[in-house]
Amino acid sequence: MATMADSNRQLQLTADGELKHFLSLEGLDRALLTRILDTADSFIEVGERSIKKVPLLRGRTLVNLFFEPSTRTRSTFELAAKRLSADVLNLDISTSATSKGETLSDTLLNLEAMASDMFVIRHAHSGAAHFIARDVTPGVAIINAGDGRHAHPTQAMLDMLTIRQHKGSFTGLKVGIVGDVQHSRVARSQIQALNILGAEEVRLIAPDTLLPTEPEAMGVRVFPRMEQGLKDLDVIIMLRLQRERMEGALLPSEREFYKLYGLTREKLALAHPKAIVMHPGPINRGVEIESEVADGPQSVILNQVTNGIAVRMAVMSMAMSGQLAERQQQAKAQQKAQQKVQGNG
Amino acid sequence: MATMADSNRQLQLTADGELKHFLSLEGLDRALLTRILDTADSFIEVGERSIKKVPLLRGRTLVNLFFEPSTRTRSTFELAAKRLSADVLNLDISTSATSKGETLSDTLLNLEAMASDMFVIRHAHSGAAHFIARDVTPGVAIINAGDGRHAHPTQAMLDMLTIRQHKGSFTGLKVGIVGDVQHSRVARSQIQALNILGAEEVRLIAPDTLLPTEPEAMGVRVFPRMEQGLKDLDVIIMLRLQRERMEGALLPSEREFYKLYGLTREKLALAHPKAIVMHPGPINRGVEIESEVADGPQSVILNQVTNGIAVRMAVMSMAMSGQLAERQQQAKAQQKAQQKVQGNG
Amino acid sequence: MATMADSNRQLQLTADGELKHFLSLEGLDRALLTRILDTADSFIEVGERSIKKVPLLRGRTLVNLFFEPSTRTRSTFELAAKRLSADVLNLDISTSATSKGETLSDTLLNLEAMASDMFVIRHAHSGAAHFIARDVTPGVAIINAGDGRHAHPTQAMLDMLTIRQHKGSFTGLKVGIVGDVQHSRVARSQIQALNILGAEEVRLIAPDTLLPTEPEAMGVRVFPRMEQGLKDLDVIIMLRLQRERMEGALLPSEREFYKLYGLTREKLALAHPKAIVMHPGPINRGVEIESEVADGPQSVILNQVTNGIAVRMAVMSMAMSGQLAERQQQAKAQQKAQQKVQGNG
Numbered sequence: 025m026a027t028m029a030d031s032n033r034q035l036q037l038t039a040d041g042e043l044k045h046f047l048s049l050e051g052l053d054r055a056l057l058t059r060i061l062d063t064a065d066s067f068i069e070v071g072e073r074s075i076k077k078v079p080l081l082r083g084r085t086l087v088n089l090f091f092e093p094s095t096r097t098r099s100t101f102e103l104a105a106k107r108l109s110a111d112v113l114n115l116d117i118s119t120s121a122t123s124k125g126e127t128l129s130d131t132l133l134n135l136e137a138m139a140s141d142m143f144v145i146r147h148a149h150s151g152a153a154h155f156i157a158r159d160v161t162p163g164v165a166i167i168n169a170g171d172g173r174h175a176h177p178t179q180a181m182l183d184m185l186t187i188r189q190h191k192g193s194f195t196g197l198k199v200g201i202v203g204d205v206q207h208s209r210v211a212r213s214q215i216q217a218l219n220i221l222g223a224e225e226v227r228l229i230a231p232d233t234l235l236p237t238e239p240e241a242m243g244v245r246v247f248p249r250m251e252q253g254l255k256d257l258d259v260i261i262m263l264r265l266q267r268e269r270m271e272g273a274l275l276p277s278e279r280e281f282y283k284l285y286g287l288t289r290e291k292l293a294l295a296h297p298k299a300i301v302m303h304p305g306p307i308n309r310g311v312e313i314e315s316e317v318a319d320g321p322q323s324v325i326l327n328q329v330t331n332g333i334a335v336r337m338a339v340m341s342m343a344m345s346g347q348l349a350e351r352q353q354q355a356k357a358q359q360k361a362q363q364k365v366q367g368n369g
Numbered sequence: 025m026a027t028m029a030d031s032n033r034q035l036q037l038t039a040d041g042e043l044k045h046f047l048s049l050e051g052l053d054r055a056l057l058t059r060i061l062d063t064a065d066s067f068i069e070v071g072e073r074s075i076k077k078v079p080l081l082r083g084r085t086l087v088n089l090f091f092e093p094s095t096r097t098r099s100t101f102e103l104a105a106k107r108l109s110a111d112v113l114n115l116d117i118s119t120s121a122t123s124k125g126e127t128l129s130d131t132l133l134n135l136e137a138m139a140s141d142m143f144v145i146r147h148a149h150s151g152a153a154h155f156i157a158r159d160v161t162p163g164v165a166i167i168n169a170g171d172g173r174h175a176h177p178t179q180a181m182l183d184m185l186t187i188r189q190h191k192g193s194f195t196g197l198k199v200g201i202v203g204d205v206q207h208s209r210v211a212r213s214q215i216q217a218l219n220i221l222g223a224e225e226v227r228l229i230a231p232d233t234l235l236p237t238e239p240e241a242m243g244v245r246v247f248p249r250m251e252q253g254l255k256d257l258d259v260i261i262m263l264r265l266q267r268e269r270m271e272g273a274l275l276p277s278e279r280e281f282y283k284l285y286g287l288t289r290e291k292l293a294l295a296h297p298k299a300i301v302m303h304p305g306p307i308n309r310g311v312e313i314e315s316e317v318a319d320g321p322q323s324v325i326l327n328q329v330t331n332g333i334a335v336r337m338a339v340m341s342m343a344m345s346g347q348l349a350e351r352q353q354q355a356k357a358q359q360k361a362q363q364k365v366q367g368n369g
Numbered sequence: 025m026a027t028m029a030d031s032n033r034q035l036q037l038t039a040d041g042e043l044k045h046f047l048s049l050e051g052l053d054r055a056l057l058t059r060i061l062d063t064a065d066s067f068i069e070v071g072e073r074s075i076k077k078v079p080l081l082r083g084r085t086l087v088n089l090f091f092e093p094s095t096r097t098r099s100t101f102e103l104a105a106k107r108l109s110a111d112v113l114n115l116d117i118s119t120s121a122t123s124k125g126e127t128l129s130d131t132l133l134n135l136e137a138m139a140s141d142m143f144v145i146r147h148a149h150s151g152a153a154h155f156i157a158r159d160v161t162p163g164v165a166i167i168n169a170g171d172g173r174h175a176h177p178t179q180a181m182l183d184m185l186t187i188r189q190h191k192g193s194f195t196g197l198k199v200g201i202v203g204d205v206q207h208s209r210v211a212r213s214q215i216q217a218l219n220i221l222g223a224e225e226v227r228l229i230a231p232d233t234l235l236p237t238e239p240e241a242m243g244v245r246v247f248p249r250m251e252q253g254l255k256d257l258d259v260i261i262m263l264r265l266q267r268e269r270m271e272g273a274l275l276p277s278e279r280e281f282y283k284l285y286g287l288t289r290e291k292l293a294l295a296h297p298k299a300i301v302m303h304p305g306p307i308n309r310g311v312e313i314e315s316e317v318a319d320g321p322q323s324v325i326l327n328q329v330t331n332g333i334a335v336r337m338a339v340m341s342m343a344m345s346g347q348l349a350e351r352q353q354q355a356k357a358q359q360k361a362q363q364k365v366q367g368n369g
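Protein sequences appear in the order of chains A, B and C.
Going by the numbering used here, the first residue of the first sequence is number 25, and it counts up by one from there.
Going by the numbering used here, the first residue of the second sequence is number 25, and it counts up by one from there.
Going by the numbering used here, the first residue of the third sequence is number 25, and it counts up by one from there.
Keep in mind the hints are simulated off the structure, nothing from the lab.
Beyond 12 Å from chain B on every Cβ pair, some chain A residues (computed):
#1 27
#2 30
#3 51
#4 62
#5 150
#6 189
#7 224
#8 231
#9 242
#10 251
#11 281
#12 283
#13 327
#14 366
Covered by chain A, per the in silico footprint, the following chain B stretches (three or more residues, Cβ under 8 Å):
#15 72 to 81
#16 86 to 99
#17 301 to 309
#18 330 to 344
Bear in mind that the values here come from a model prediction, so they are computed numbers and not experimental data.
Glycine included, C-beta positions come from ideal geometry on N, C-alpha and C.
All chains, full assembly: derive it from the sequences and hints.
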């Protein structure tokens, strides 16, 4: 019987195990994730050149299809694509396309007919990118830029790249994720990435009201009290308080939250002295994190941003290359089948 | 006495009969329209390459000047221009420029002074593109992307390209245009294109309330009943129900309209068995067309979209080339005149 | 004691006196301004080619960071950057970024971490570009595209280029600035530029209510009556009536303003017969200027627009080159320091 992980792997990988879509980390293995990190590493250097461009995706068309507005994430994908020499079309669907009564499926079919090569998709509904990947024209790659509460895999991979840069490897690492885990697609993808890459322990540090249901099934340990959870941590990942996603009164107040789960210098002292501090941004200073910690020597928050461009370049170029390989293989298979028919004839 | 067609031809063509603006099809001849289709055909192949780029308009600046918002049409012009290697500037005038009290004419003069090479113009007023073309700086090409109820010539030409691909030629073809003809600039341009290219018969299938005044003068036959109009048709062009353009209660209801003029499998069976089904998009499923027909084997709706990029590439590169030729000729003429003066001196 | 001019010079120039930011003209000298004009002159020719592109900034990333919307100014910077082959990211901050509670400083740090090379900044607060330049990552250039009532230096420099083109030099020139000087960042920068470049006389022609406080300290002569102020002028610079910036009832009515300070053919006749007429645009016809004058033979308003692209290309390429030189020098200095340490060791 095919599990979720199996079907997710099949959807994202070619027969040879190469990436062709990038939707979520479920079912992907350590070798592939490591290949993404290695590829991203090689692109870090491109961002440091004065000519920040490689011709890998020249003449390819990337469509940024954002059903939820996000200037920041859209910009990183746009910059990553331009550094790969791709042409970029930004469509803010929340304000435009479906307004004329067209279905989502028809909008997509139209964009595919315009010979687009890749869609970067952000959508408020969990599973939107998977849904689209299942039906998309062969040869077109889908990259998930965040779907509902489900997954945000490029964010998780840029976090992994940042951890590897600072810690060398994942072996023996203790990583804590702090805050509103329940509403966070970032946290879901981070937990999967850390488990696949072999971190020793993943901790969720959050009150009951902000935990996912059955957290233990995710391969994590839960710490309702931050002071206990921080002990010996090598990596502290603060989550953004998703004020816009919180339904109802799950927390007494921001001030109360900060007192219990905000990362202050005092609390940071409880972790390993060489612990690094991460945050996906944008940060709410004084709500999740004290300014002195965000700007302090243990913070790697801006490295995360820089790595975001490199990881997106890696994922886009790998998916395009996987799509190309698959098409060539199919063409070869067809040719062989025809030769066989002719041989028999 | 110069007719409308004469003046339209003069405005759009160089002295040698080459395209220099593309405003409407009125007054253009079969040879020119065929040249547009042939050029577009040669660009179809570019969209199928992995590097979808030709350097024809490298270093040229295209300005998308949309006084009516239209993400879809703007995107096709933007992609077409980028595949020709042009630089693209998108200006959504409905939200910005004239807000500071500047006249349309001043906005245009300013953009021309920025060394723009081409304007793609969409405007709610019929004749806007003509008006602009009459006054524009020599060397700058104007492309009409839809003006009021008047014309949408690139849409009509992509439809012609789609018909020619599927039917080989226009000789002997019976083509029906179904729906809200009165409010449709697309229909006006299609009728002209079909007559110029030599279709045998063009039919309008619509109730009296959605017909233009004096349709017979347009070289068409009118069929108020769809069942009769569809008989023997080779090409069925469904129009979008322009709900946003309809003034007052010209129709009892969408349900009633669908019953009378919606294209269902049953009605489609009345046409020629090899008839193709077209729609300019975005489609209203269940209002103008049954989903099974839109997605069925006779539908070429997505081919139209693909052809839209190729036709726009053709028209843009031809108009730029016409402008260049005209400038060179004028420079030569000036030189000759000067030599004559010097010879006489 | 360091003056404002000193600190402004230090912030904008490298140790070798090359431009590395472009924030305001205060403290800059005639040689540098002349170098900007000469560089811009060399780019004028690029705009006249059919391939309007030079590879100077290929692979560089320019971010247009507009906290005040301005389609026109943003477009000229975007076109200028594309003609230098840079990649452009447009961020309309007024509608997006800080909406999620992020501080301006964090937004900028994030953009810098994405390996941006240059920010073009427009902001409603005077001093915003200086503030940002003071803290920006080394290597990143800041260009001021208008801050509050303070400065708009690229506008002033395109005006200077236009004057030099038509008058040859600034020696002996009498220049009048007419209208709402008090609210105009353009006027402030023009006055500085004209004084640095050695114009003989700069006049402000405005009612008391629209004059800055202590105009005499700016090196200008004040003329409340236009008829007197226009006498013998070589250059007449009309300002836009900043209706959106005017607080309270400083003027009886637009009609009254036009009667007193609008430039009509009658009034123009009072200036030098070869006087040129300038306006930063967008113009309010019949409010600041009579249509016949705006379109007349003495108007150079559209030349200003064309020059705007060239001046922005000049400033961007010079600032990038200054940043590069500074980084190379710092690297060399570091190397020398290390060699010295090793030599001593």
